[in-house]
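*Asks:* Below, each chain spelled out in residue letters.
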Amino acid sequence: MTLTAELRVTRGTFDLDLGLTIGPGEVVALLGPNGAGKSTALRALAGLLPLTNGRIALAESTWDGSDAFVPPEERPIGVVFQDYLLFAHLSALENVAFGLRARGTRKAEARTIAREWLGRVGLDGHAHVKPRSLSGGQAQRVALARALATGPSLLLLDEPLAALDAATRLQVRAELGRHLADYAGHTLLVTHDPLDAMVLADRLIILENGRAVQEGPPAEVARRPRTDYVAQLVGLNFYRGTATGTTVELDGGGRLTIAEPAWGAVHIAFPPTAVSLYSAQPSGSPRNVWPVTVAGIEPHAHTTRVRLDGAPAVLADVTTATVADLRLRPGDRLWAAVKATETHTYPV
Amino acid sequence: MRGVLVLALLLTGCGAPAATSDSGKITGGVTVFAAASLTETFTQLGKDFEAANPGTKVKFNFGGSSALAQQLDQGAPADVFASAAPANMKQVTDTKTITDVPRTFARNELAIAVPKGNPGKITTLAGFADAGKKIALCAEQVPCGAAAKKVFEIAKVTPAPDTLEQDVKAVLTKVSLGEVDGALVYRTDVKAAGDKVEGVTFAEASQAVNDYPIAPLAKAPNAAAAKAFVEFVLSDKGRAVLGAAGFGSP
Amino acid sequence: MTRRQVRGRLPVVLVLPAVLGLAFLLVPLAGLLVRTPWTSLPTLLSAEVGEALRLSLVCASLATICCLALGIPLAWLLARSGLPGRGFLRALVTVPLVLPPVVGGVALLLVLGRKGLVGQYLDAWFGISLPFTTAGVVVAEAFVAMPFLVISVEGALRAADPRYEEAAATLGASRWLTFRRVTLPSVLPGVVAGAVLCWARALGEFGATITFAGNFPGETTTMPLAVYLALESDPDAAIVLSVVLLLVSVGVLAGLRDRWISGPS
Chain A
249 MTLTAELRVT
259 RGTFDLDLGL
269 TIGPGEVVAL
279 LGPNGAGKST
289 ALRALAGLLP
299 LTNGRIALAE
309 STWDGSDAFV
319 PPEERPIGVV
329 FQDYLLFAHL
339 SALENVAFGL
349 RARGTRKAEA
359 RTIAREWLGR
369 VGLDGHAHVK
379 PRSLSGGQAQ
389 RVALARALAT
399 GPSLLLLDEP
409 LAALDAATRL
419 QVRAELGRHL
429 ADYAGHTLLV
439 THDPLDAMVL
449 ADRLIILENG
459 RAVQEGPPAE
469 VARRPRTDYV
479 AQLVGLNFYR
489 GTATGTTVEL
499 DGGGRLTIAE
509 PAWGAVHIAF
519 PPTAVSLYSA
529 QPSGSPRNVW
539 PVTVAGIEPH
549 AHTTRVRLDG
559 APAVLADVTT
569 ATVADLRLRP
579 GDRLWAAVKA
589 TETHTYPV
Chain H
1234 MRGVLVLALL
1244 LTGCGAPAAT
1254 SDSGKITGGV
1264 TVFAAASLTE
1274 TFTQLGKDFE
1284 AANPGTKVKF
1294 NFGGSSALAQ
1304 QLDQGAPADV
1314 FASAAPANMK
1324 QVTDTKTITD
1334 VPRTFARNEL
1344 AIAVPKGNPG
1354 KITTLAGFAD
1364 AGKKIALCAE
1374 QVPCGAAAKK
1384 VFEIAKVTPA
1394 PDTLEQDVKA
1404 VLTKVSLGEV
1414 DGALVYRTDV
1424 KAAGDKVEGV
1434 TFAEASQAVN
1444 DYPIAPLAKA
1454 PNAAAAKAFV
1464 EFVLSDKGRA
1474 VLGAAGFGSP
Chain U
8 MTRRQVRGRL
18 PVVLVLPAVL
28 GLAFLLVPLA
38 GLLVRTPWTS
48 LPTLLSAEVG
58 EALRLSLVCA
68 SLATICCLAL
78 GIPLAWLLAR
88 SGLPGRGFLR
98 ALVTVPLVLP
108 PVVGGVALLL
118 VLGRKGLVGQ
128 YLDAWFGISL
138 PFTTAGVVVA
148 EAFVAMPFLV
158 ISVEGALRAA
168 DPRYEEAAAT
178 LGASRWLTFR
188 RVTLPSVLPG
198 VVAGAVLCWA
208 RALGEFGATI
218 TFAGNFPGET
228 TTMPLAVYLA
238 LESDPDAAIV
248 LSVVLLLVSV
258 GVLAGLRDRW
268 ISGPS
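Protein chains in written order, with this note's numbering: chain A, 249 to 596; chain H, 1234 to 1483; chain U, 8 to 272.
This is chain A alone, in the form it adopts within the complex (with noise of 0.2 Å):
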């Protein structure tokens, strides 16, 4: 039983165009910038928002399609989003038991089974307090086990972890991560944060402008990145280039040497650590080698990250003591180098 969805949706300028499989027990995580359509797409998918053109089916049946229209409530489905919507004058129990009560479960068993899945969000002593005496977390939580407790065919996760803070957060992706390991539905999973996608997700959908630009397993994705918005999710240099054998003429200006000989269009990316700056030209070794002048500098974990401007412009990753050595301040003019077996090439 396969998810399988065309979404056309046209509102205004904006449209959303986007082709989409889900197998069953799968999580498919679709990553993208503000405004890319994702939310439009999980609209959809929930019947909240009408399809412009295209279908959604889950096997044989047809959500929405040019003779069918499942309106929400009919659909199996569990939405959890973005600030959780938990029904403020109901109790954590009886949100969880609302969609089993809405099915038509009768109460007594209703209840049954939306403590049972309290349980196994781990909040048994929180059955009667009101959303508002939550803390993030145990409202995210709460809305998860209110989203499973019908049993739905297809999860939607709207930006799950977004409202959390750093440390709770850690913490809530684990347990959702466990969560969606034992589910045995189809789940897609909205975000822009890179982290939550690659570990939580079986594959990557990168939507940019209402389109699919990239699809993959999340290590693919984050060791080839195809376009500047993924690359920069996934924190890596990237550049667009024409190879000569080792030799690779950049689109932005520059050439970088690479060490497996390639032919035509290409994509070049490597890590900011990778690269390593000197004051003075370095001699030797079969490296790239290029000046460039420091354009910013700014803490990145236990590193320094610092932009350089100059054919190519690049990020490098250096410690606080190479800071410290090479006194660097913005203006100042360097040398970068990254050996030639630390980049990774492949065909556009």
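Relax, there's no trap hidden among the hints.
Per label pair, the in silico range of CB-to-CB distance:
(1) U:Leu254 / H:Pro1287: 53 to 63 Å
(2) U:Phe95 / H:Thr1276: 35 to 45 Å
(3) U:Ile72 / H:Arg1336: 52 to 62 Å
(4) U:Pro196 / A:Gly370: 26 to 36 Å
(5) A:Thr490 / U:Arg182: 56 to 66 Å
(6) A:Asn282 / U:Arg182: 27 to 37 Å
(7) U:Leu195 / H:Thr1276: 53 to 63 Å
(8) H:Ala1359 / U:Gly57: 27 to 37 Å
With a straight-line Cα cutoff of 27 Å, these simulated BS3-like cross-link-like pairs (lysine-lysine) come out:
(9) U:Lys122 / H:Lys1366
(10) H:Lys1424 / H:Lys1280
(11) H:Lys1429 / U:Lys122
(12) H:Lys1349 / U:Lys122
(13) H:Lys1354 / U:Lys122
(14) H:Lys1424 / U:Lys122
(15) U:Lys122 / H:Lys1402
(16) H:Lys1424 / H:Lys1354
Hints listed in this document are in silico derivations from the structure and should not be mistaken for laboratory results.
No experiment lies behind these values; they were computed from the predicted model shown.
Here a beta-carbon is modelled for each residue, glycine too, at the ideal position from N, C-alpha and C.
Based on the hints, put chains H and U in the right spot on chain A.
*Replies:* Same frame as chain A, now just chains H and U:
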């Protein structure tokens, strides 16, 4: 020059001072508090008075006699009070707000009012005792209700009203809309209501005649004009206007 | 001068008019209380007054229930449906607010009266005649008071986040269930506030009531009508009746306030 004076009086409003010019002519503003049932006739009389006394300006405050009496007792600035009932005039004389002896300038008597075509077939007071018919009367607290009570006592009829209205106009509204089959109102009201309401006279009416007294206020801002207006209402010309509206002469 | 003092001080430009406003509202009431002939109170509190008071409370409450039953769906329609011409409809809903109540009463007679557009059929087919009945009082009060409820509830609905309704839909709730279990509870404060306004307006209603339902003790004489007629003959009695109505309504509203508005559990 006179135009300027009138304008000044208009600007200064109802508290305009008495202004009798050297020749004894009446000028200035006159404020008259008059019962609601006098609205049409007094508006006409006001115009006639202004025409007869160039330089005067008559302003009216029409309302329920009892409400007007209370306003006067509370010091409302007025020159003349024309009441629909001696009782309300007494309220004002009791407090010495009026010291002149009030004079009766008109009389009114009750008539049966029925909707056009008289669907309820009410032709006598006895018809008011029929609980199956919709009947409107004035509340006893207002003059027309007190008068109605009197005629029913005289006629030895116990009426079965469905509503006791706050004033004659409210009763007439219900008759003209056909909501009630019959009502007791003043003869002048039937006349003023036009062709949607028909009047039926009855014998006992003459035994409950309502007198309309008029008097100038003791502290009338324009005492001369106040006296002149009272005289004008009592004059033949005044009586002719009142008579045409259905009022009886005192 | 510490920062705390600066922040704690209330600006005179707000406080002065606020105090004047309060005085403007309260001084007339004080005037009533001062003039009340308290000693004659027992003699004036007749069975008829009790009857008028009971009728007032019953009719105002029934009118409020009618307004809730019809007004909440109307507010929902105005706030949530994509109905064309909603702005115009919203303006029409407020007509009873600007219409002089007596005119409203006449309008009701023209429609629901014995010879009215609808009333003539009610009379002919079902033998129902609303004027001069207690039901007529309820109708007149509901007509005048309903805009208060509709405006209040519509405002609350428009301020409420419609995404909660979407969340309910994704959980399988029909629109009716969503309305009952999600929308209505979320706008409850607006509904309560509207109902209180509605009830207060109905309780004080005079013009439309006396015009449409007339005035007959025990059947259609509510307190405001009794007060008005008492004013014609015995101003002292009128003051006492007003004060009784005032005390009862303030008591009821204060009770409701404690229970519903400021005391959420």
